[in-house]
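Using the sequences plus the hints, can you model the full thing?
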Amino acid sequence: NSILAEFLLILVLICRNYKGDVDMAEIDHFLPLLMTQEEEGLTCPIMSHGNVHFLWIKHTNLYLVATTNKNSNASLVYAFLYKVVEVFTEYFTELEEESIQDNFVVVYELLDELMDFGFPQTTDSKILQEYITQEGTKLEVAKTKVPTTVTNAVSWRSEGIKYKKNEVFIDVIESINLLVNANGSVMSSDIVGTVKLKTMLSGMPELRLGLNDRALFALTGRDKGKTVTMEDVKFHQCVRLSRFESDRTISFIPPDGESELMSYRINTHVKPLIWIESVIEKFSHSRVEIMVKAKGQFKKQSVANNVEVRVPVPSDADSPKFKTSTGHAKYVPEKNLAVWTIKSFPGGKEFLMRASFGLPSVENDEMEGKPPITVNFEIPYFTVSGIQVRYMKIIEKSGYQALPWVRYITQSGDYQLRSNF
Amino acid sequence: MEWANQLCENRQFGSKMTDSKYFTTTKKGEIFELKAELNSDKKEKKKEAVKKVIASMTVGKDVSALFPDVVNCMQTDNLELKKLVYLYLMNYAKSQPDMAIMAVNTFVKDCEDPNPLIRALAVRTMGCIRVDKITEYLCEPLRKCLKDEDPYVRKTAAVCVAKLHDINAQLVEDQGFLDTLKDLISDSNPMVVANAVAALSEIAESHPNSNLLDLNPQSINKLLTALNECTEWGQIFILDCLANYTPRDDRESQSICERVTPRLSHANSAVVLSAVKVLMKFMEMLPKDLDYYGTLLKKLAPPLVTLLSAEPELQYVALRNINLIVQKRPEILKHEMKVFFVKYNDPIYVKLEKLDIMIRLASQANIAQVLAELKEYATEVDVDFVRKAVRAIGRCAIKVEQSAERCVSTLLDLIQTKVNYVVQEAIVVIKDIFRKYPNKYESVIATLCENLDSLDEPEARAAMIWIVGEYAERIDNADELLESFLEGFHDESTQVQLQLLTAIVKLFLKKPTETQELVQQVLSLATQDSDNPDLRDRGYIYWRLLSTDPVAAKEVVLAEKPLISEETDLIEPTLLEELICHIGTLASVYHKPPSAFVEGSRGVMHKRLPARTGSGEGTECPDVGNAAGGSAPEAAPSIIPSQGDLLGDLLNLDLAPPTTTGPTPSTSGMQMGGMDLLGGGLESLLGGDIGGSPAMGAGFGAAPAVMPASLNAPVGGGLGDLFDLGGGVGMPMGAYIPPKTVWLPAMKAKGLEISGTFARRAGVIQMELVLTNKAMSVMTDFAIQFNRNSFGLAPAGPLQVLTPLGPNQTIEVSLPLSTVGPVMKMDPLNNLQVAVKNNIDVFYFSCQYPISMLFVEDGKMERQVFLATWKDIPNDNESQFQIQDCHLNSEAASNKLQGSNIFTIAKRTVEGQDMLYMSIKLSNGIWVLAELKVQAGNPNYTISLKCRAPEVSQCVFQCYEAVLKN
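Protein chains in written order, with the numbering used here: chain A, 1 to 421; chain B, 1001 to 1966.
Misleading hints may appear alongside valid ones.
Distance condition first, Cα-Cα at most 25 Å in a straight line; then the derived DSS-like pairs of lysine-lysine [as the list claims (entries may be wrong)]: (1) A/K58 to B/K1343; (2) A/K126 to A/K397; (3) A/K293 to A/K282; (4) B/K1343 to A/K271; (5) A/K335 to A/K300; (6) B/K1965 to B/K1933; (7) A/K126 to A/K162; (8) B/K1035 to B/K1061; (9) A/K83 to A/K58; (10) A/K198 to A/K83; (11) B/K1343 to A/K370; (12) B/K1035 to B/K1045; (13) B/K1035 to B/K1094; (14) B/K1418 to A/K370; (15) A/K271 to B/K1338; (16) B/K1561 to B/K1440; (17) A/K226 to A/K196; (18) A/K196 to A/K165; (19) A/K226 to A/K393; (20) B/K1871 to B/K1907; (21) A/K335 to B/K1343; (22) A/K198 to A/K393; (23) A/K370 to B/K1375; (24) B/K1147 to B/K1222; (25) B/K1343 to A/K282; (26) A/K282 to B/K1375; (27) A/K323 to A/K295; (28) A/K282 to B/K1418; (29) A/K397 to A/K162; (30) B/K1343 to A/K295; (31) A/K370 to B/K1222; (32) A/K330 to A/K349; (33) B/K1837 to B/K1740; (34) A/K293 to B/K1343; (35) A/K300 to A/K349; (36) A/K323 to A/K349; (37) B/K1133 to B/K1144; (38) B/K1554 to B/K1837; (39) A/K196 to A/K126.
If you are wondering where the hints come from, they were derived from the structure by calculation, not from laboratory data.
Structure follows, in structure tokens:
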């Protein structure tokens, strides 16, 4: 099977041809192809011209394009392109035309380290920053060395890190994805959780994270209180996967600073935390009447913050009028939305918003889609699945004591309710 | 680059002290200035100048004139400057090879620098300079770097071997770099191992026969160990490499699966997909009753579902692969329908793929939900998506019988929306529903007829006309409706014209009294006023039929039509197997084998899944071509039609085949539309003439099922075979040509006699035909078509009979054949079913071709490869034959065989007995190895044949016999 045959990376201004067999001029076909597809309304992340295939992603106003003439591993290509975006963003804060031009020397240096002959190499920006810096001028050859980390089995953490106070901050964040049909039945709902770390630990610490994972307790036979079934778990490179596979232990040497340790998906059906009922009546040529009821279906002690209910309105609507039982509603014409904001939404409460819009007497002939109502919110100190960090063991050979801090938060993910308008 | 150029030039750069200042356009004389600066004594100025040069190069300006000046800056202790100069060299060395030599010394010196960064940089850059002269100097430094103490240098050197191999493969082999690279697989450093694997895989890809990767249980174990330690990208290289291995038995397979499964929890989607590939492949070998098999199946679903939360492009790749996986193993995701529901903000390419998978997963259990969703989608605004959603409703009706009624009523609701393209799409699918459930939903016809005027797409018009013709007796004003179409007859597309002709004939047969005028009108439009031969032919046939025997006409035209099949767009099983082996790659996204889109992939092996242990056939042969070796796995739905399906194939004779070649296989409706036209008309007519062979209709439903796959992707050697055709020019002639035999006697073919033979001339397979007209009337309009066959033989062009063939005239025609046609295993293997059409009728016959026609000119195997392959093919695959009464000595035999592309590779004489070792390569890439024993004075030869696809042995033996005795 083929590893990447051919790679050519273009960030509008920068090209790096990693192999010689696709002509650089082939990229000239990319934009016309893309434009044709866009006209037809059928863009596709893979396009081909002759025997050259373009695999591309778009970041802000830049296209990152890989070209190949072999049967390359497409998923690797996209994963790599996104990694490139990640690395450049960490280097330059923003990845955009200007930052590329301002730093083109570093960009070339990075492209050289990121990939060789179409094979991705070192893509960890923390490690790259140890030997490729933006102050290139100050670097004299004698001082620059390859960090051993680059080729180590532990390729994400360098040795010799020191902190005065050793601490780990653990954020458990759960996002609710929800799709509700126009008649109010839940079509699909799941929870995607992530565990993020901010590690401020000296040396090479060994960490072990304990969750109330049902599969773990099933293995050990000890059942202590509520457990949670994780449908699927994904880990950062640092976690020993075979260890997890055999005894569900999450053990790792963490990257320094911020990182996403793991993510998980839970299918258990939970009551939608914020339930929306809407009545949207359209009187052709005159007006649209909108009534939205939002209900907090979570514990009374909890509070949802920054709740935003976004209700689609016809693109030719005008003269909005709002009435809300709480919070504030406004019309965002550029997005064809009525947005109702509630700063603080206690559990068990129910609020109402009414809106009316005028419609022009001459109707827009263009068919409009039926975008769903979407809701944004976050509920702190609470995970909807009930997942908990039971312990975080930190062992380092110097024997220091370190404190783990845990925070929980539940928020909206892709939270869509189809309306009947 | 012009585009980048413009963007740059249109910008006003600020006065910030950043690199962007280098991009400001300079006036003429720039090169001069730069030259001066490059040669400046001041280091800082020099560096600034190099930066300017690189900036110009980046935006596509030609700064090659500065080559010597830039190279002069190479010797520096400033790393940044060095990197820039190297970058410049990579870009321009090729255009200035002589100048590039100037840089060699510095490179060689840098390869010995105490700083590993510099050593690696030098060896990496040298490998990128694709100039032969430089390459020679690269060998020594590379050899040192491969053994460097620093892993960073070694990992870079490992990749450099692949680079060098790409430039000069021979050099790499001669210098023994491949062995060093193999040794690096055991390196202590995981990144070195990963890069060595990547480099070897890359090299192995261009040398399919080299046993480079030499995967054996020991090396597999090493790889599996490294898998736990290397970076995410290294894991992908290793997994992709593992996927090429075929375990010896189910136990080894299971143990590898167990060690690969943890990768399913990796955060990188590409790691997950590569792991899925390994598991899907190795799973094939596990007995289904094994507990572990069930466990593994369960483990696959969650990670596949999670892939749908990745970035949209990765979702797209995942969805295209899931599409393959649900066809191969529907049980994995059968309970996961909901995750494929389309979200409003999904990109269109994700939406369309999800829709496809929803239909595949639709079953009685979830159909209510699916239909509700589809109805929702059908009211969206994105035209392509809406169309596909409407078609999906039709496919659900056909797939899940219990839902048909609800589907029909949903479609009627949609027709009420009066949205033009929705209505048209709905009518096309309702026609399919009628064909699946005849006489059940005719009550809706009235509603359909109301929309007649709004139909402006040929497919929808044709569908509607078909419905009117088919149910003419229940539609009071059918004649008026059809007549209204007749007015603009000549402006209609062929599809509509043909359909209208058939529909009016049907109407006439049902209501003869009122419609005589109408039928005459259409017949004359079709025959006298039309230039389209297909239309004319069909018109004449109807005319003759109606005028000679109206009763027979009724039986034929109004004959009961076969029902259409459920799944209309499944990928053909052998292709599916191959694609499963390519999970995650472009092939899996395009749903085409790599040979269909990768240039020069000739000789590249078609991958296939390993067989379950114990099933005997082909256990260890991942490289056997599809045709002969491809036995469909038991789980795959049987969609390859049986041999009696000649007619199904011949349907293409009249209709231009659908020309969709995009990555998405065209949906059912299009093909079905085509089928129906003939289904109602010509084919039934022909059925009557032939005398109603019972098998003839059976293929109607099944044939289109396979069409999309075979059209989009030649199953056999594809491109490779085409090259074969050209490759043999200048080969010695004298290939064996069997004498002509009569294939079709005149009495069976209304006076047309066909005899012929096959020949291979200059690498081109020819079918040599002699057509004799033994009838009283002139014959014209000859055409020929083959049924699917074992080796994908198909006419490479039309049958060239330009002049009409008068009574008692004979004509000899040579028809070049290609081997890129659709493949179906025949029995006997070399059987070919042929249809020949002329102005009188269509005739069928079958003949057998000598398989030696398929022996290609480059069938001479390397000795070493021969030895290795002979050993590698299990003894079960060996067959022995006797050739009797042959009076040639071994020399003469060898010469004679060579004429037919049977190549002698070695000769050994043991105790007066000559042993000849020979190799043959078939057009689909299958190799046959032979050992021929010739004893002086003994007219009986013994021949042993070894092949990974042992089915061909019998045919090959027949060729030996024929060649040697003639």
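Against the structure, the hints come out as follows:
no.: 1; hint: A/K58 to B/K1343; in the structure: holds, 20 Å
no.: 2; hint: A/K126 to A/K397; in the structure: holds, 23 Å
no.: 3; hint: A/K293 to A/K282; in the structure: holds, 18 Å
no.: 4; hint: B/K1343 to A/K271; in the structure: holds, 20 Å
no.: 5; hint: A/K335 to A/K300; in the structure: violated, 34 Å
no.: 6; hint: B/K1965 to B/K1933; in the structure: holds, 16 Å
no.: 7; hint: A/K126 to A/K162; in the structure: holds, 16 Å
no.: 8; hint: B/K1035 to B/K1061; in the structure: holds, 15 Å
no.: 9; hint: A/K83 to A/K58; in the structure: holds, 13 Å
no.: 10; hint: A/K198 to A/K83; in the structure: holds, 20 Å
no.: 11; hint: B/K1343 to A/K370; in the structure: holds, 11 Å
no.: 12; hint: B/K1035 to B/K1045; in the structure: holds, 11 Å
no.: 13; hint: B/K1035 to B/K1094; in the structure: holds, 21 Å
no.: 14; hint: B/K1418 to A/K370; in the structure: holds, 18 Å
no.: 15; hint: A/K271 to B/K1338; in the structure: holds, 17 Å
no.: 16; hint: B/K1561 to B/K1440; in the structure: holds, 15 Å
no.: 17; hint: A/K226 to A/K196; in the structure: holds, 22 Å
no.: 18; hint: A/K196 to A/K165; in the structure: holds, 20 Å
no.: 19; hint: A/K226 to A/K393; in the structure: holds, 21 Å
no.: 20; hint: B/K1871 to B/K1907; in the structure: holds, 18 Å
no.: 21; hint: A/K335 to B/K1343; in the structure: holds, 18 Å
no.: 22; hint: A/K198 to A/K393; in the structure: holds, 15 Å
no.: 23; hint: A/K370 to B/K1375; in the structure: holds, 13 Å
no.: 24; hint: B/K1147 to B/K1222; in the structure: holds, 20 Å
no.: 25; hint: B/K1343 to A/K282; in the structure: holds, 24 Å
no.: 26; hint: A/K282 to B/K1375; in the structure: holds, 21 Å
no.: 27; hint: A/K323 to A/K295; in the structure: holds, 17 Å
no.: 28; hint: A/K282 to B/K1418; in the structure: holds, 20 Å
no.: 29; hint: A/K397 to A/K162; in the structure: holds, 13 Å
no.: 30; hint: B/K1343 to A/K295; in the structure: holds, 23 Å
no.: 31; hint: A/K370 to B/K1222; in the structure: violated, 55 Å
no.: 32; hint: A/K330 to A/K349; in the structure: holds, 22 Å
no.: 33; hint: B/K1837 to B/K1740; in the structure: holds, 21 Å
no.: 34; hint: A/K293 to B/K1343; in the structure: holds, 23 Å
no.: 35; hint: A/K300 to A/K349; in the structure: holds, 8 Å
no.: 36; hint: A/K323 to A/K349; in the structure: holds, 18 Å
no.: 37; hint: B/K1133 to B/K1144; in the structure: holds, 19 Å
no.: 38; hint: B/K1554 to B/K1837; in the structure: holds, 23 Å
no.: 39; hint: A/K196 to A/K126; in the structure: holds, 16 Å
The structure fails to meet hints 5, 31 from the earlier list, while all remaining hints are met.
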